[in-house]
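> Once you've looked at the hints, dock chain B against the given chain A.
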Amino acid sequence: MAEKRDMVQIDSLEKYFGEDKERVHVLKGVSLNIPEGSLYTFLGPSGCGKTTTLRCVAGLERPDGGKINIGSQTVFASGERVYVPTNKRPIGMVFQSYAIWPHMTVAENVAYPLTIQRRPKVEIKRRVSDVLKIVGLDGLEDRPAPKLSGGQQQRVAFARALVNEPKVMLLDEPLSNLDAKLRVQMRSEIKALQRRTSITTIFVTHDQAEALAISDQIAVMHGGKLIEIGSPHQLYSRPKRRFTATFLGLTNLIAGKVLEVDGDSRPGKMQTKKGILSFIPAPGLKKDQAAVISIRPENIPVHKEKPHSLDNVVEGTVKEAIFMGDAYHCKIAVGDDVLAVHTHPFHSISPGEKVYLHLDPKSCNGLPADDTEGIDESMLGD
Amino acid sequence: MRRFNSQTLILIGATLFVLYLAGVPLLMLLYGSIRSAPIGEPGATFTIQNYVKAYFDKEFYFLFLNSIYYGVGTCIVTFLIGTFLAWVSERTNTPFKKLFVVMALIPFIIPGILSTISWILLLSPKIGLINLVIKELLGLESAPFNIYSMWGMIWAESIHLYPLVFLLMSAAFRNMDTSLEEAALTAGSSTFTTFRKVTLPLMRPAMFSVLLVIFIRGIEAFEVPALVGVPAKISVFTTKIFLAIHQFPSDFGLAGAYAVTLLLISTTGVLIYGRITRREERYATVTGKGYRPRVIDLGGWKYVTCAISFLIFLLAVILPVFVLLWSSFIPYYGVPSRELMGKMTWANFHYILNYPLALTAFKNSFYLSVGSATLVMLLTSVIAWITVKTKLPGRALLDNMTFIPIAMPGIVLGVSLIWVYLTLPIPIYGTIWVLLLAYITKFMPYGIRAASASMIQINKELEEASLTAGGTWFQTFRKVILPLLMPGFTAGWIYISIIALRELSTSILLYSYNSTVLSIMAFDLWEGGQYTYVCALGVLMVLLLLVMAFTARRLGAKIGIAE
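If you read the protein sequences in the order shown, they are chains A and B. Each residue of the first sequence is one higher than the one before, starting from 1 at the first, in the working numbering. Each residue of the second sequence is one higher than the one before, starting from 1 at the first, in the working numbering.
Looking at chain B on its own, in the form it has when it is part of the complex:
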């Protein structure tokens, strides 16, 4: 007789949980978008009315064009900045290039809502620091920049997203076999021709996949469209869905129809991305050998590239961080002056720490961040074990299921989960638990990527040795596999806890008073016009993020093996 043991139970449990997390919201979203009335109301029927209403509204086409415009614009700007910095740091002899690597990653730790706020404080026509300073210096009548425009939005989004391009393009530059270029040079082609005929074509798949990732992230973005786009009356899909639910009465059906449309666009993107990266692997220019990339001597131009890099550093890191810090210490918002310097105060921090909701928000955010990161990594470690180490039928499907949420924009996930927990008899709607489930669903794809990559590196004999030594599957998993997985586990954990702490687009549809999180609190304070308080809160958030990342790194190094 085969009996159920801990292994079978854990494996079946983890699999069913993934199916539930990834599959149910998707089904409920599709179902909800074809119902005539909100769930729970009697007399609802099947209808295509929501789609008719969505697609035959002339605003729909503006919406569609805006989203595309916004996505493409973000692609162009992030690509220029990110690729330039990647090229400078990987392939040139520009001075200070090590410093640029660090600085290129700093914007990563600043939550999207804070970076958006900092750019409003810098580029708003009325209160923007840059505008005020330039007006003063040049004696201009009107502000030279306006954040409340399409290109203003694209700029704010790009500064937030370019580190991703930097990371992906750096990897592409680093992994390229430079002997392919050298072959072209020895065949007599000039440096420029080589770049055009060899380097570029070799980089093309990598470049295309990077652009696609950014495009998807651009049309999924919520913070900039909500904080900048809504006042500027520039709507995109994500804000339209948000407004459909936040209007009174909420139009869940319409939100559903928009959400399905957005989901289709992002899924198409993810599928194309999947195809490209798979083909890229097949024609890999990467052979796993440690190539030493050929460093190009720029001669005098290296000072130019250095200056441009510093300019990017100034714009992407120094100005936003400065404006946040500055605003958090002054009693009312204004341009730095001797007068205002004299009035610097801790009052904003004092206010935040005594704000009734603040403690709840800090606690909720902390629990959600640590809880979702830990649970996601544990869950995906088990799933990765199944998909990498076993030959169970259906494991490829399981892998794909775990990956599905990557194609779900945050706001779409929020809409889906509203449907799920208003319908299913699970009484967690409006509690912190629905946020926890949402976060686990949303971050599962990042977890599985980190866990699988590490799992592949673990020799099968290491776990067989534990079994032959008398260890049960559970003991083996806890004492051998998890510790060996620790480097990947920690990396994934840090990443997820950071993005969980700043999550806004899903939370904003699912929170209630008692389950407020930090990013929601920042959003509310901002909407209430309390700019200096928001900045103080933001500074505290960033500090919390730094402490968490640092602690996790230390702990992970202690438990696991040092890399």
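Only chain A is shown next, with the shape it has when bound in the complex:
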């Protein structure tokens, strides 16, 4: 993708909630740049600061430190005491509850950003009908807002956010109030809408599948800090941080100590309880550092007999094999550990069998062991 200029720049954002003793540090120096025209997702568990960051961009929260630019305009800078109020920022926002005003019709809701600017009636009418066409609600102009279904309400919320042609669209978990089927449908509609309008969009979610499906870029957040930024593909297959590997999808972690490493392009070697294993190192991983190898369950081929020509082979016993239709989900005991392995449904596999697992070095990501303090181990694999 060609380099584009950044539409939103967030620099060392700090935010506290509460007063005195109950003060909680919710944003700990978050910095990130959002390229123009991209669909950018803030992903993380609840309480990670993703919504707070979004609300700081919207101006609904006032940060305690840092700087935010939208386009070429500085909307917040703690040093220069700049704070542009929400209503003066070039944004459109879709709320988790949609926040459709129940005392107005569809058209009145959507026209609101224009009416408060006292635009001419003709222009308002035209732009409202254009934007309703885009979201597929044309013809419903005069419907009172309370008489809309959940999906329709969401489209109205989008239309209202779009109508003023904002520089940035802010979406705060817009799919979480829909039922599962509609959620998947609206997910692709949001993506299509964003492609069509090419408005820079920030999408906040705690749902990793949603984030993977929709985003150009994902910023993974945890405990008020930015953990890692990357494309869905990068983050899933080549995470650089242990938290990313465990939060996005299912993975196996094997703890060890780095024996050799030479940059991040050549495989390194790690001493683990399962012997010496080769891996692809994360940037900055050093010799003798405590580390983990992360390997996804679908990337572990299972052999019934010991393959001789391969590296990184470990021996294990099948504890559990559940047929899922598209795969067997197995739990395989290797030494004291149990690894999750997904195998192809053609190869039947049953508990008690002795098997050999090929931990292909290309699929083994070597990550620092202690990069995210305080992560609950129960989050690993679920």
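These are calculated hints, taken from the structure and not from any lab test. Fair warning: this is a prediction, and the values are worked out from it, not measured in the lab. C-beta atoms are modelled at their ideal positions from N, C-alpha and C, and glycine is treated no differently. A couple of the hints might just be wrong.
Among chain A residues calculated to face chain B with C-beta under 8 Å, some are [unchecked claim]:
(1) A58
(2) T86
(3) N87
(4) I91
(5) F95
(6) Q96
(7) S97
(8) A99
(9) W101
(10) H103
(11) Y112
(12) P113
(13) I116
(14) Q117
(15) R160
(16) N164
Partial pick of chain B residues on the chain A-facing surface, computed with a CB cut under 7 Å [as the list claims (entries may be wrong)]:
(17) A37
(18) T47
(19) L462
(20) A469
(21) G470
(22) G471
(23) T472
(24) V480
Negatives, chain B to chain A, calculated, CB over 10 Å [said to hold, decoys possible]:
(25) L132
(26) N175
(27) V213
(28) T345
(29) I426
Then chain B, alone, in the frame of chain A:
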């Protein structure tokens, strides 16, 4: 740089206004009660003489006992009537119970001064209709009832106040989790034991708070003590304060000392009430689920409860309304007879509508009622936004300040405002503006209650959506918050405009010729012995009230969302 924008200005303005309205009268009252001479007179010093004079008068103890007697008596009578009707309509299968709900609320719309007058016309030993009819029927020498007695006063006050008990007790009955009772029944206790051991204890906090509210309202009452108590020479605090100011020369210091005493009693009541209701919330039997109250099958007794309810209906609604209507159409006061029926006339209405002051009084009352209701609701909507939606420091204090006037009896507020506007260099004493400020102060607590309750229901994202759409705070407030607040706003507006139109106890100390209001005019006509004219005026007042309530309801439904 942070600049002052419309939001900051409105918020600061509203806050300062509330502080001024609630705080200044209180301070001036305390100050005035310890000054030796009326304000403006030179040579005044600080003194405790007013309190000495008040407390070392032996009449003070009669006064105190009378007030307590009156308050407690009113509690008992209203509680019996109100709770009975609430129980009948919520928990029994009595026939016509829907009708009783409507009728229980009718006395609410009749101004206190009119209901007092109607009971004098019914129970006065000389001219009371009921007395005359019973004397005639039974051939009695003397009248069986006398309104000019303590129990006569309590009766007149109770008929006026019982709808409040009815409303509060209905809510208590409705919100009770009946599975608690059913649990007792399945555990083997009889219906009566269940009532005694489970229902009553569960209702106790609600009952106690209702009694407290009525007690406070009883000792604050002015209309009945002034119209019945003064001729009967039964003094209570409110009439004593009124007389201290209306005698010549006025004794403002003494009125102040009495007013502070009354204020202490009512404040204590309000504080205890606050504690109880807070505890009630903590041990709530109300969980927000829509319980379907268990309806008790009364069997044959349901005809008895129905008959009693109709009797209450007759006494509380039909007789007073009838006597007002009847008196408004006859040339001189008398028992309905064929002779008097033949003389029925529009002359009383004609007289009122041509009475020189009447037009002024109608206009003043209307402006004050609509003006104070609108301003109170706008002001309290802003205050409710601050106290509910923001995290500003001091918002709890602001909430409490808005609530202070609830503890101020009308007559005490009147005394305080006399002090304030005789002292401060604001030239509004004796104008309609001082009445407007008085009404806003007095009705602020009702407004904040209605506004906060609605404000809590508005999702914060609804207003954030307006901000992100480019709306300023002011636009957001006007276009999003106010319309969403409309149901609560209208309810509060209707209530305040009704009680403002019948306000007497504060106005009577603050009015002048040009700022006369309807209730004052009724009071003056009554004092002048022009009974039939008063009744015609009263009928017109009630009609105006009905029209206003109806119009407000329609308008509110159009602007806001239908509930």
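> Give a verdict on every hint.
Hints, verified against the model:
Hint status for A/A58: holds, given a least beta-carbon distance of 6 Å to chain B, under 8 Å. Against a cut-off of 8 Å between C-beta atoms, the interface hint on A/T86 holds, since the closest Cβ of chain B lies about 4 Å away. With 8 Å as the threshold, the beta carbon of A/N87 comes within range of chain B, its nearest partner Cβ sitting at about 5 Å, so the hint holds. Checking A/I91 against chain B by beta carbon gives a least distance of about 6 Å; that is within 8 Å, so the hint holds.
Hint status for A/F95 relative to chain B: holds, with the closest Cβ pair at about 4 Å, below 8 Å. Because the smallest distance between the Cβ of A/Q96 and any Cβ of chain B comes to about 7 Å, under 8 Å, the interface hint for this residue holds. Interface hint at A/S97: satisfied, since its Cβ lies 5 Å from the closest Cβ of chain B, which is below the 8 Å cut-off. Annotation: A/A99 was flagged as interfacial toward chain B, and the flag holds, the nearest CB pair being 4 Å apart, inside 8 Å.
With a cut of 8 Å, the hint placing A/W101 at the interface with chain B holds, because the nearest CB-to-CB distance is about 6 Å. For the restraint placing A/H103 at the interface with chain B, the shortest Cβ-Cβ distance is roughly 4 Å, inside the 8 Å limit, so the hint holds. The interface hint given for A/Y112 holds, since its Cβ lies 5 Å from the closest Cβ of chain B, which is under the 8 Å cut-off. Given the 8 Å rule on beta carbons, the hint for A/P113 holds: about 4 Å separates it from the nearest Cβ of chain B.
With a least beta-carbon distance of about 5 Å to chain B, the hint placing A/I116 at the interface is held under the 8 Å criterion. Here the hint on A/Q117 is kept, as its CB sits about 7 Å from the closest CB of chain B, short of 8 Å. Checking A/R160 against chain B by beta carbon gives a least distance of about 6 Å; that is within 8 Å, so the hint holds. With its C-beta approaching chain B no nearer than about 6 Å, A/N164 sits inside the 8 Å limit, and its interface hint holds.
Hint status for B/A37: violated, given a least beta-carbon distance of 49 Å to chain A, over 7 Å. For B/T47, the interface hint is violated, since its Cβ never comes within 7 Å of a Cβ in chain A; the closest pair sits about 46 Å apart. Contact between B/L462 and chain A, as hinted, is supported at the beta carbon level, the nearest pair being about 5 Å apart and thus within 7 Å. Checking B/A469 against chain A: minimum C-beta separation of about 4 Å stays under 7 Å; hint holds.
Interface hint at B/G470: satisfied, since its Cβ lies 5 Å from the closest Cβ of chain A, which is below the 7 Å cut-off. A cut of 7 Å between beta carbons decides the hint on B/G471: the least distance to chain A is about 5 Å, and the hint holds. Annotation: B/T472 was flagged as interfacial toward chain A, and the flag holds, the nearest CB pair being 5 Å apart, inside 7 Å. A least Cβ separation of about 6 Å between B/V480 and chain A falls short of the 7 Å threshold, and the interface hint therefore holds.
Taking the minimum C-beta to C-beta distance to chain A, about 57 Å, the non-interface status of B/L132 holds against the 10 Å cut. No Cβ of chain A comes within 10 Å of the Cβ of B/N175; the nearest lies about 26 Å off, and the non-interface call holds. With 10 Å as the threshold on Cβ separation, the claim that B/V213 sits away from chain A holds: the shortest Cβ distance comes to roughly 34 Å. No beta-carbon of chain A comes within 10 Å of the beta-carbon of B/T345; the shortest separation is about 50 Å.
B/I426, annotated as away from the interface, keeps every beta carbon of chain A farther than 10 Å; the closest lies near 36 Å.
Violated hints for the displayed structure, listed by number in ascending order: 17, 18.
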